[in-house]
Amino acid sequence: MEIKVNNLTKRYPSKLALDNISFYHKGKGVIGYLGPNGAGKTTTFKILAGLLKPTSGSVFIDGFDVTKNLKKVLLNVGAVIESPEPDKFQTIKEALTMSGEFRGLSKEDINHQIDKYGKLLELPPLNLRTGRLSKGQRQRVSLVAALIPEPSILLLDEPTSGLDPAERIKFKKLILSLKKDRLILISSHVIQEIKEVCDEIIFINNGKLLKEDSVKNLQKKYKDLERAYLKIVGD
Amino acid sequence: MAYSNVHPKEISRMSEIAISFKYQLKSYLRTKRFIALAILVALISIAVFAVEAHAGVNVINAEYSNASNYLYSFMQNITFVVVILAAFFGGNAISTDFASNYSYYILVQPARRSSLLIGRYIAALLASFSIILIYYLFAAIASFYFFGTLPLVFASSIGLVALFVLSILSFAFFLSSLFNNPQTSTVAVVILLIVALPIASSVLQGFLSVQPWFLVNYGGQVVYTIFSTHFVHFSQVVIPTKGAKFTITQYEPYTLEGIEIMLGYIIIFFLASIFMYNYKEVKN
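Order-wise, the sequence lines are chains A and B. Each step along the first sequence adds one to the number in the numbering used here, with nothing skipped, and position 17 is 17. Each step along the second sequence adds one to the number in the numbering used here, with nothing skipped, and position 69 is 69.
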């Protein structure tokens, strides 16, 4: 369980989205990736999952270079970035089964995992086509898909967007349970959400990594996370 | 939430392709466009057959004299059908990923993008081909009905039409990789394949006397020219006008030439599609 980001830069034609970002985490726990909209959070996640290529710098997950060994990286990574939409003509069961099949899981294991996480996240009937689901339901399907292979690393970019308050509470409980044996990188611009589940926080704004510290230290130093956020990131 | 006995493992490229193919084909078969196109092709085939049957066996026999000539005429519409099918099944093959949030679901799976695309390509071939077979089925029925026989080259034509579908799909996949909007890419494919290429082919041949060996629709003509009993590769018609003679040239491809053109399109444009799909980033 290791994420190593070295001098990561991503430049779009009109914008510098990430500016020489580096961080390193090893072992289980939840790392919050906190910053305002447009800070560069999603860009970082997309690079970690191989959806974008870095302009410069490198990313290693469990020792594998994301740009060179993406398949090996994704085998052990569950990623929910933005609001994924499975193929709208697939049923929920098919979308989830496909995800398990790509990871070489047996039918029995896939069914077991769908049952386990489907119940936990209260998925709609599995024979429903995903095109008929609400945004929140699709988000939960994507979460289950990410969890089916029991990955040791989870990349969750704004995973609660589209979820209603009750679903957010369930999601929080799930993360607290999952963090016992996984490394989870989770982004949000909702401080409360991050505070409740994270062990460490990375603050980012305008593509720059501003600060990285444990929640304990931040609370000790700034009294609470809201204040820390305002001091570090600004209004 | 302890770990269960679930242990992901790398699967082979063939397995990746098979998974992509299986789910993509299911999706294609569930689309309204598949059902609509299958019904449309069946209706057109029935209508053509019904009109000719109404005219009577003797009239058709007198007009075409044998089954090959009849099929040469019957099959001329198939190139249009192929283009329509390929446009609908291939025109958004890549662009749809990047226009919707589907990319966030499919591209985080541990599978090579090239495998995903090959699976889609084979699925699109099968979806298109299953509809084309409806047309061939009616052609065979009509041939038996009017002439009591089916020429052996009928089987070759089926093979050639499969190549033609693959070549048009490759081209459509490539065009779809140039756009980020599936509607735009589908329309672009339709306009290019149904309007622009046939016009270009006609102008090049008819007025400039240039053999359009580089156009896939020209190569695809072998699907029906293979039935020709008096094949002419090159012909010219001189039309006298006031003060000058006007010459219209027409080429028909040799079978081998048509196969080469189609293979060229399959290889070049499918490789280009894979390159583009690998290269594309999920930016929006």
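Possibly wrong hints are sitting among the right ones.
Here are the computed lysine-lysine pairs in the BS3-like style, where the Cα-Cα straight-line distance is at most 27 Å [stated by the list, open to error]:
id : chain 1 : residue 1 : chain 2 : residue 2
1  : A       : Lys72     : B       : Lys9
2  : B       : Lys280    : A       : Lys53
3  : A       : Lys53     : B       : Lys9
4  : A       : Lys135    : B       : Lys26
5  : B       : Lys32     : A       : Lys135
6  : B       : Lys242    : A       : Lys93
7  : B       : Lys32     : A       : Lys119
8  : A       : Lys208    : A       : Lys195
9  : A       : Lys88     : B       : Lys22
10 : B       : Lys280    : A       : Lys71
11 : A       : Lys195    : A       : Lys173
12 : A       : Lys173    : A       : Lys119
13 : B       : Lys280    : A       : Lys28
14 : B       : Lys22     : A       : Lys208
15 : A       : Lys68     : A       : Lys88
16 : B       : Lys32     : A       : Lys93
17 : A       : Lys88     : A       : Lys116
18 : A       : Lys26     : A       : Lys107
19 : B       : Lys26     : A       : Lys4
20 : A       : Lys68     : B       : Lys283
21 : A       : Lys68     : A       : Lys4
22 : A       : Lys72     : B       : Lys32
23 : B       : Lys245    : A       : Lys88
24 : A       : Lys208    : A       : Lys173
25 : B       : Lys32     : A       : Lys208
26 : B       : Lys32     : A       : Lys71
27 : A       : Lys208    : A       : Lys28
28 : B       : Lys26     : A       : Lys116
29 : A       : Lys88     : B       : Lys283
30 : A       : Lys68     : A       : Lys135
31 : A       : Lys107    : B       : Lys26
32 : B       : Lys280    : A       : Lys15
33 : A       : Lys211    : A       : Lys28
34 : A       : Lys179    : B       : Lys9
35 : A       : Lys71     : B       : Lys9
36 : A       : Lys88     : B       : Lys280
37 : B       : Lys32     : A       : Lys116
38 : A       : Lys107    : B       : Lys22
39 : A       : Lys116    : B       : Lys9
In case anyone wonders, no lab produced these hints; they're calculated from the structure.
Handout entry: Hints breached by this structure
Key = Violated hints: 6, 7, 13, 14, 15, 18, 19, 22, 23, 24, 25, 26, 30 and 37; rest satisfied.
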